[in-house]
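Asker: So the sequences go chain by chain: A and B. Be aware that the first sequence starts at 1, since it is given in this note's numbering, and climbs by one per residue. Be aware that the second sequence starts at 1, since it is given in this note's numbering, and climbs by one per residue.
None of these hints come from the bench; they were simulated from the model. Heads up, the beta-carbon is just placed ideally off N, CA and C, and yes, glycines get one too. Worth double-checking, as some hints may not be accurate.
[Unchecked claim] BS3-like cross-link-like pairs, simulated, lysine-lysine; straight-line CA separation at most 25 Å:
| # | chain 1 | residue 1 | chain 2 | residue 2 |
| --- | --- | --- | --- | --- |
| 1 | B | Lys313 | A | Lys78 |
| 2 | B | Lys140 | B | Lys112 |
| 3 | B | Lys141 | A | Lys78 |
| 4 | A | Lys57 | B | Lys136 |
| 5 | B | Lys183 | A | Lys78 |
| 6 | B | Lys256 | B | Lys136 |
| 7 | B | Lys89 | B | Lys105 |
| 8 | A | Lys216 | B | Lys346 |
| 9 | A | Lys57 | B | Lys141 |
[What the hints assert, rightly or not] Among chain B residues calculated to face chain A with C-beta under 8 Å, some are:
| # | residue |
| --- | --- |
| 10 | Asp20 |
| 11 | Phe30 |
| 12 | Glu170 |
| 13 | Leu174 |
| 14 | Phe221 |
| 15 | His284 |
| 16 | Gln287 |
| 17 | Asp310 |
| 18 | Ala311 |
| 19 | Asn314 |
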Amino acid sequence: MSIEIAHLALRLEGPLQAWGFNSQYNRRNSGLLPTKSAILGMCLAALGIPRGSVEEKTLLEQCTGLRLLTVAVPRWIKYGDKPAELIVRRITDYHTVQNTKTADGKIKDTHLTYRQYLCDASFACVLSGNISLINSFGQALENPVWGVWLGRKACIPTAPIYGGIFANEPDALLSLLGDQPLEAFTHQREVEYFDEGTDSLPDQPLCFAAPDGIRKFVPRRVALKEAVK
Amino acid sequence: MKHLELHILQSFPVACLNRDDLNSPKTAIFGGVQRARVSSQSWKRAIRELATEINPRFQGQRTRLIVEPLRDALIAEGIAEVDALDKAKALADALSKFDVDTEKKTGKLKVKTLFFTSQAELEALARAFHETGDAKKAIKKAASSEILKDAADIALFGRMVANDHSLTLEGAALFSHALSTHKVDNEIDFFSAVDDWQPNEESGAGMTGTLEFNSATYYRFAALNIDMLADKDHLQALSREERQEVVRSFIEATLKAIPGARKNSMNAATLPGYVLGVVRSSGHPVQLVNAFEKPIRAYGGKGLFEASLDAMKNERENLNSTWGLDKSELFNGAIPDLSLAEFLYKACAHVD
C-alpha cells in the first residue's frame, strides 16, 4: 500500500539559534544542525498541543514516520564587490539566576547556567511524510497558536519560517536553495536503514513531558554529508 | 494568532548593562563581527521589576519561601495548627520539592528551586488542598486563570515547574537578546582613586583598577501573543479593560526599563530613540535585526542611531514586499511620531 507523501519546506533564519541535544541541568548546548525534536516541538506548539497530553503522544508516534532533511545554508555578506562567507560560531551565554532569597533573608545564592547559541547560522529543512500530517503542520506554522522560535524562546526568526508544501523533495529544495544542488551544502538526511547512515542521534521524541515529567527520546539514524565545493 | 511586536532602537553611552562571568559586557557575533549584547533574561528582569512598580497586578514573586505562607493559608482555611505545617510541607514538596536537608541543618523551611507565584495563588492552592486532601489533585484543581488575577507577570513571562507540569505556563511574551546595530569592541577603563589623607610628600594613587564597558545603539525586540494572553491559562479571568491595562503597563515597562548593572557608577539611563509597534492578526513575530547584519556605520553626517533607523525602515519595507507581512497588519505606529500615551492607547485598542 502506498501512502501519499508531502514535503514541508522550512526556513530557519535568525542571528541566534540553539538546537540543544543531550542538554541537561545547568549546561545547555547547541548542535550545529537543527534537531528533529526541536522541529517537531515547534510543529506541535504551532498546533497548540499541550506538553504531556494524550494528543501529543499520539501525534509524536505518527511523527516517527516522518523524515527530516536539514541543510546548513551559508550566509554571505557583501563589502563593496567582495562577498564574504560568514563563519558560524558558537557563543556561550553565562546566565545567573539572582536574588535567590535564603531562609534568613540575608545570603543571596546565585544560580549559574550556561547556554550555547549559534551565531550567523541559517538552515533549510524539509520534513517529509504522510500528507495529512504535513499539511496540518504547514497550516499551523503559517499562523501558529503558540509561538515559533529557533530552539530557544529568545531566538526569534528574521523571516517567516514556513516555506511551502511540495509534492516532491527537489521542488522543496528548489524553493529553499534556488538552483544550487543539495551537494553544495553540508546536510544531514534521515535514513531508513542502519548501514545507510553515519550516526545515530537520540533525537526522535516520543513525548515532551509525560505525566510524571519525563521526556522520552529514541534514536534515529542519519547520514551527514559535507558540502562539495 | 494575533500578536503585538515592538521594535526598539536605543542608544546607550558608556555602560556595562549585562556582564558575563569575567565582568565584561556580554557580546555576540553577528554578521561576522562582534556586537554588544544584552541577554533577554537580563532585560526581562528589569522589565518585571519596573512593571511591579507601575501596576499592582504584577505581583508574581520568585521565591523558595513558600512553606510558611502555605501553612498560614491552610490555617486560614480551618486546618488545625498542629497539622498545618506537615500539610504545607507536603503541598510545597509537590510544587517544588521541599528541602529536607536545609530544614535539618538550619531549621529553615524552603523548597529546592525558585517558584514563581503570588499570594492569591498560594491561597488558592491551600484551599484546593483542603478540599481534595491530595497535593497532586489540588495543583490540578488550582491550575486555572482565576488564581493569576494578581500575577499578570506569570502570564506574560511564563513559569517552568519541573515537579508538576499542570502549573507550567508558557509566557505570552517573547524577547530577543538585544544586539548592537554596529561593531563593538569592549573598552577597558583604567581608574585610580586618590587617598585624601595621603601626606603631600608621598606620591601614588590610593588604589587602581580596571573595568570593562562599551557604548552601543541596540536593536531590541519584544512581542506579545495577544490571543494567548486572553486564554483560560493566562488572563481570561480579567476583563478586556483590565487586560488592556496589563498590556499598557507591559509596553511601558518594556520601553523604560534598563538592566541595573553598574547603575551607580555608569548610570547609562536613556530612553528608546525610536519604537515601532505593529499588531498583526496572524502569522508569527518576525524581528527586523537583519537590517544590521551588515554592521551600521555613521555616514554623511548621520550618526549610528540615524543610520540604524534608516536601515530598520528599509528592512521592514523589504520584509513587507517579500513576505507580505503588512497584509495582516491591524496597527502600526511609531514613537516619536506618536507620543507614548497615543502609542499605548492605539496599540492596546487591539487587546481583547
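Asker: If you test the structure against every hint from before, which numbers come out violated?
Answerer: Going through the list in order, the structure violates hints 3, 6, 8, 17, 18 and 19 and respects the others.
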